[in-house]
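For the protein sequence lines, the chains are A and B, in the order given. Counting from 1, position 9 in the first sequence corresponds to residue 8 in numbering that gives the first Met the number 0; the numbering is continuous, with no gaps. Counting from 1, position 198 in the second sequence corresponds to residue 197 in numbering that gives the first Met the number 0; the numbering is continuous, with no gaps.
None of these hints come from the bench; they were simulated from the model. Wrong hints could be hidden among the right ones.
To be verified - Sample of chain B residues at the chain A side, in silico, Cβ under 7 Å:
1. Pro180
2. Leu188
3. Leu209
4. Glu211
5. Ala213
6. Ser236
7. Thr645
8. Val652
Said to hold, decoys possible - Coverage of chain B stretches by chain A, computed from C-beta distances (three or more under 8 Å per stretch; other residues unrestricted):
9. 167-179
10. 290-303
11. 317-331
12. 378-392
13. 556-562
14. 634-643
Yeah, the Cβ is synthetic: ideal placement off N, Cα and C, and Gly gets one too.
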Amino acid sequence: MPTIQFQLNGTATAVETDPDQPLLDVLRGRLVVTGPHFGCGAGECGACHVMVGDRAITSCDMPMWSVADKDVVTVEGLGTAERPHPLQRAFISEQAMQCGYCVPGILISAAALLKRNPFPTEAEVRAALDRNLCRCGSHNRMVRAVLRAAAEMAAS
Amino acid sequence: MTTSPPAPKLPVSLAANPKLSSWVNFIGEGGVAISPGKVEIGQGIVTALAQIAADELDVQISRIEMIRASTAMSPNEGVTSGSLSIQQSGRALRHACAEVRQRFLTAASERLGVEVSLLDVDDGTISGPGNVRTSYWELAGEVSLDHDATAGAAARSIAKRSVAGHSVHRVDIPDKVFARPRFIHDCPLPDLLHGRVLRPDISGAELIALDETAASAVPGLVAIVRDGGFSGVVADSEAAAEAALKALRKGATWSTGESLPDEDDLAGFLKSQPVETTVVETRTAAMTRKHAQTLRRQYTRPYIAHASIAPSCAMARWDGDGVHVWTHSQGVYLLRADLAIVLKMPADNIVGEHMEGAGCYGHNAADDVALDAVLLAKAAGGRPVRVQWSRHDEMSHAPFGAAMAIEIEADLDADNEIVGWRHAIWSNGHAARPGRAAQPALLAATEIANPYPRMISTNPPAANGGGGDRNSVPLYDLPAWTITSHRLLTMPVRTSALRTLGAQGNVFAIESLLDEIAVLRGEEPIAFRLRHLGDERAKDVIRAAARRAAWKPKKQAGVGHGVGFARYKNTGAYCAAIAEIEGTDDIRVKRLTLAVDVGEAINPDGVINQIEGGAIQATSWVLKERVRFDRTRITSTSWTDYPILTFSEVPAVDVEIIQRPEIEPVGAGEAAHGPVTAAIANAVYDCLGVRMRDLPITRDRIIAAAELAS
Numbered sequence: 000m001p002t003i004q005f006q007l008n009g010t011a012t013a014v015e016t017d018p019d020q021p022l023l024d025v026l027r028g029r030l031v032v033t034g035p036h037f038g039c040g041a042g043e044c045g046a047c048h049v050m051v052g053d054r055a056i057t058s059c060d061m062p063m064w065s066v067a068d069k070d071v072v073t074v075e076g077l078g079t080a081e082r083p084h085p086l087q088r089a090f091i092s093e094q095a096m097q098c099g100y101c102v103p104g105i106l107i108s109a110a111a112l113l114k115r116n117p118f119p120t121e122a123e124v125r126a127a128l129d130r131n132l133c134r135c136g137s138h139n140r141m142v143r144a145v146l147r148a149a150a151e152m153a154a155s
Numbered sequence: 000m001t002t003s004p005p006a007p008k009l010p011v012s013l014a015a016n017p018k019l020s021s022w023v024n025f026i027g028e029g030g031v032a033i034s035p036g037k038v039e040i041g042q043g044i045v046t047a048l049a050q051i052a053a054d055e056l057d058v059q060i061s062r063i064e065m066i067r068a069s070t071a072m073s074p075n076e077g078v079t080s081g082s083l084s085i086q087q088s089g090r091a092l093r094h095a096c097a098e099v100r101q102r103f104l105t106a107a108s109e110r111l112g113v114e115v116s117l118l119d120v121d122d123g124t125i126s127g128p129g130n131v132r133t134s135y136w137e138l139a140g141e142v143s144l145d146h147d148a149t150a151g152a153a154a155r156s157i158a159k160r161s162v163a164g165h166s167v168h169r170v171d172i173p174d175k176v177f178a179r180p181r182f183i184h185d186c187p188l189p190d191l192l193h194g195r196v197l198r199p200d201i202s203g204a205e206l207i208a209l210d211e212t213a214a215s216a217v218p219g220l221v222a223i224v225r226d227g228g229f230s231g232v233v234a235d236s237e238a239a240a241e242a243a244l245k246a247l248r249k250g251a252t253w254s255t256g257e258s259l260p261d262e263d264d265l266a267g268f269l270k271s272q273p274v275e276t277t278v279v280e281t282r283t284a285a286m287t288r289k290h291a292q293t294l295r296r297q298y299t300r301p302y303i304a305h306a307s308i309a310p311s312c313a314m315a316r317w318d319g320d321g322v323h324v325w326t327h328s329q330g331v332y333l334l335r336a337d338l339a340i341v342l343k344m345p346a347d348n349i350v351g352e353h354m355e356g357a358g359c360y361g362h363n364a365a366d367d368v369a370l371d372a373v374l375l376a377k378a379a380g381g382r383p384v385r386v387q388w389s390r391h392d393e394m395s396h397a398p399f400g401a402a403m404a405i406e407i408e409a410d411l412d413a414d415n416e417i418v419g420w421r422h423a424i425w426s427n428g429h430a431a432r433p434g435r436a437a438q439p440a441l442l443a444a445t446e447i448a449n450p451y452p453r454m455i456s457t458n459p460p461a462a463n464g465g466g467g468d469r470n471s472v473p474l475y476d477l478p479a480w481t482i483t484s485h486r487l488l489t490m491p492v493r494t495s496a497l498r499t500l501g502a503q504g505n506v507f508a509i510e511s512l513l514d515e516i517a518v519l520r521g522e523e524p525i526a527f528r529l530r531h532l533g534d535e536r537a538k539d540v541i542r543a544a545a546r547r548a549a550w551k552p553k554k555q556a557g558v559g560h561g562v563g564f565a566r567y568k569n570t571g572a573y574c575a576a577i578a579e580i581e582g583t584d585d586i587r588v589k590r591l592t593l594a595v596d597v598g599e600a601i602n603p604d605g606v607i608n609q610i611e612g613g614a615i616q617a618t619s620w621v622l623k624e625r626v627r628f629d630r631t632r633i634t635s636t637s638w639t640d641y642p643i644l645t646f647s648e649v650p651a652v653d654v655e656i657i658q659r660p661e662i663e664p665v666g667a668g669e670a671a672h673g674p675v676t677a678a679i680a681n682a683v684y685d686c687l688g689v690r691m692r693d694l695p696i697t698r699d700r701i702i703a704a705a706e707l708a709s
């Protein structure tokens, strides 16, 4: 099997894998990076979102060959408790979840949005999160948290 | 003869699990382990319970470690459902912690030579006059908590509560934001194998023959398991398990299955089945008034899927003749009871340990997948096996919320005042939970060799809020009524408990018809409701929501407003909702304004979060959700076929809490669904002049109703 190289959260990573293997399987099953979650396996719910460049993509249906030499960021790469990303801080401040299973994917979608558009309107935040499903109904808190993080990033 | 006053009673959960040490323990240098029997299902309960314990013990909440429920050690509190965790676990913990504090104060008094009444506790340090001090942790060696709770301990006064009643941050959120493993799906057990179960697409089909040749050749396969009609694979990775399952599916031959109802005539189906009929309540008028006309209306709601974002997952590991199960079940003891029946072994040989899953809105597949894991792990040679359902299985094999047909006849006098009210419900039962019956409720139990019959869902008793009949008795003061519940004795579509059970449907029906009658009378709908309510707490939430929504905004073309109200289970939280919608034939919910009274709100932001979430989920049910099927199979097995509300479609939600610290707290998780459903339907009428009586309220149905009305 070929070896596929890519950057994962800033670290050079090489995996010997079937090139058609979905990225999520490799992240969770091989690399024990469990932030991206399995939700549907069909790219419909966004729980598995990772960031490639400034785009959030579904990793459950993204074959490994397509991320060769790319820069992949998962929620683990956004920040840590010691050095949180403004979005992570804002999600805590706004208590922006109920169960939180969808949150890693939503943080990634939001992070990608803020890279592309540092000053989004509320409608733009909602549109950017439309490919992420939340079943608990925490949407409005999450939107507030993204706007809060954007304001904080703009001020710093 | 003298009568002594009745002995004070222990809270129900504490009476069932009286030993104090099963709830509270002091650990290490300054820690407190709190062990409730209720579990986190995304509702923030562990934080609210930690707040209660922190207050009663007078320790910082950061000292508290919340222990996940396990049959190895936790109090048995049955199931985490019905918005009862604050009522049951919260009261038990408040009482247990108060007594623990009292025991430590007594011991401190002896050690320090100071009367108990002169001692004070501050963050676990016990001090008295003359600068004498000790602490819970210093005394822990000499104060045994292996005592049964007594009824005498008094909780601290409301004024002394400094944590409960405040919006402290949830204890689980940092882990979830920083992706520290907390979900069962992410748990890295050593030597973990992965399992998948083969299930038919055709409803009720049984496995007749299985050619295992192709599956056997899949690299990474560890075992193929077959037990009667139950079959699955175990492999060394998820990818290998998926590949083996795919191969196994090609080798499967199934029986023809059982036919499903006509999805487009749910009411016809529900009303034509054999039923068990119960008269829920009758009230006879003291004085009969002559009735001039009868309004007869039928309301329906479809089957609704739990549709958690995560598919159900479990892990199991056999060790000799015992098995350890990791599960996101709502009731670890109840699951264990069912596993013991299926496995024909003593419950003591089974440990059920809770780990968090994605948001849980009732009896989903959590328990089913636990049995799947246990059966597959038998073939794993003592290694743990993790089973995760597919999205397809989650949307087709997990129990659904039951479809309902509700017919109300309202007798009106010449002034269109209500003089009689007959409410009849046709529905499958709303509960087929594990651990309650002599037969198991778990899916694989119906598939194994010597299978158990599929449990036909029943309804919880009225004392527990009922099931299909939940919230069917109006809170309004109507002169006479008869409430009848017809529970189906057939169950072609599997149903069990989904958030609110029958309350969403019943509140939708009652509040829709009341609205219609108010319009008929030319009476303002809120004034009409208030006139029929005697309960001041009920009136207060309606008035608060009305005030907050500036009821009633001036009529504008293309905009509508509607109201809905209920007290959940007629004994729980009061909630009023006002919906603002806009639209022509495709409607959009713009804003929901709610007022809620849960008594003492332990964590106000937690209550708001639950109400917001309930309101948004209810909006999704009302506008979009309907389990789809043809005559042979469930067809809504993906998010494309079962769409839910998206970020851009979510309304603004504004919640006011009426805080009543002097009243025992009740749960908030199910209070909003009924009122929001009715408010949206009534707003559609206000906007478009059509009464929508079938859920979901879709564009097609609005057009059809408008054509019928014109």
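Right, here's what the structure says about each hint:
no. : hint    : result
1   : Pro180  : holds (6 Å)
2   : Leu188  : violated (12 Å)
3   : Leu209  : violated (24 Å)
4   : Glu211  : violated (23 Å)
5   : Ala213  : violated (18 Å)
6   : Ser236  : holds (5 Å)
7   : Thr645  : holds (5 Å)
8   : Val652  : holds (6 Å)
9   : 167-179 : holds (count 9)
10  : 290-303 : violated (count 0)
11  : 317-331 : violated (count 0)
12  : 378-392 : holds (count 3)
13  : 556-562 : violated (count 0)
14  : 634-643 : holds (count 4)
Of the hints listed earlier, those the structure fails to meet are numbers 2, 3, 4, 5, 10, 11, 13, in rising order.
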